[in-house]
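Asks: Sequence:
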Amino acid sequence: MKPLILGVGNILLSDEGIGVYAVQALEKDPIFSPHFDIVDGGTCGMELLDIMANRDHIIIVDAVLANKTPGEIIVLYDEQVPTFFSRKISPHQLGICDVLSALKLTDEFPRNLCLIGIQPESFEPAIGLSALLQQRLPDIRTQIIEQLRQYGVMPNNNEKSAV
Numbered sequence: 003m004k005p006l007i008l009g010v011g012n013i014l015l016s017d018e019g020i021g022v023y024a025v026q027a028l029e030k031d032p033i034f035s036p037h038f039d040i041v042d043g044g045t046c047g048m049e050l051l052d053i054m055a056n057r058d059h060i061i062i063v064d065a066v067l068a069n070k071t072p073g074e075i076i077v078l079y080d081e082q083v084p085t086f087f088s089r090k091i092s093p094h095q096l097g098i099c100d101v102l103s104a105l106k107l108t109d110e111f112p113r114n115l116c117l118i119g120i121q122p123e124s125f126e127p128a129i130g131l132s133a134l135l136q137q138r139l140p141d142i143r144t145q146i147i148e149q150l151r152q153y154g155v156m157p158n159n160n161e162k163s164a165v
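Residue 44 in our numbering sits at position 42 of the sequence shown; the count goes up by one each step and never skips.
Certain hints may be false.
Estimated spans, in silico, between C-beta atoms of each pair [unchecked claim]: (1) Met48 - Lys4: 18 to 26 Å; (2) Asp58 - Ser124: 32 to 40 Å; (3) Asp109 - Gln82: 18 to 26 Å; (4) Met48 - Asp80: 15 to 23 Å; (5) Pro127 - Arg151: 19 to 27 Å; (6) Tyr153 - Asp100: 22 to 30 Å; (7) Ile76 - Asp100: 18 to 26 Å; (8) Ala68 - Ala133: 15 to 23 Å.
These aren't lab readings, by the way, just hints derived from the structure by calculation. As the structure is a prediction and not an experimental result, all values here were calculated from the model. Every residue gets a Cβ at the ideal spot worked out from N, C-alpha and C, and that includes glycine.
Work the whole structure out from these sequences, hints included.
Replies: Encoded structure:
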């Protein structure tokens with residue numbers, strides 16, 4: 003099964019949609035597609051159970067409140083992820099936490115789980131990212147590539163594709 007890159011968030015609340023915008027950009031990037039399953043999870047919760055079950059590698063991209071500077075990226079691994087999502091900023095995060103708990107209970111938890119979280123600048127009702135988070139999209143892509151390399155699943159070294 004291919005590694006899963008899952009973007010989650012609410013695109014109606016500005017930077018809360020960063021995960022969705024990040025994976026939408028990756029879908030157009032030839033170094034990612036067709037080598038990885040790239041999923042726009044939006045605000046889904048338990049609907050993602052089947053997509054996430056029995057994966058070796060899952061990378062989740064989402065906005066996180068981590069008491070960091072707006073635009074700062076944090077990376078969490080494995081058991082840190084459900085713990086972090088239990089302090090939700092949005093209902094979809096509770097849904098992801100529920101999915102991860104269900105996967106644990108059914109022995110379908112991913113072998114490797116990574117959250118690439120971005121501290122938002124704005125949660126104002128608006129479609130589109132703040133200028134600051136829009137500028138961070140290439141850095142998110144770079145972080146995803148680095149994580150995939152650590153997992154040993156990056157298909158090639160060509161990084162010259164725009165996000």
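Asks: Confirm or reject each hint.
Replies: Evaluated hints:
no.	hint	result
1	Met48 - Lys4: 18 to 26 Å	holds, 22 Å
2	Asp58 - Ser124: 32 to 40 Å	holds, 35 Å
3	Asp109 - Gln82: 18 to 26 Å	holds, 20 Å
4	Met48 - Asp80: 15 to 23 Å	holds, 21 Å
5	Pro127 - Arg151: 19 to 27 Å	violated, 37 Å
6	Tyr153 - Asp100: 22 to 30 Å	holds, 25 Å
7	Ile76 - Asp100: 18 to 26 Å	holds, 22 Å
8	Ala68 - Ala133: 15 to 23 Å	holds, 21 Å
Violation of the numbered hints given earlier is confined to hint 5; every other hint is satisfied by the structure.
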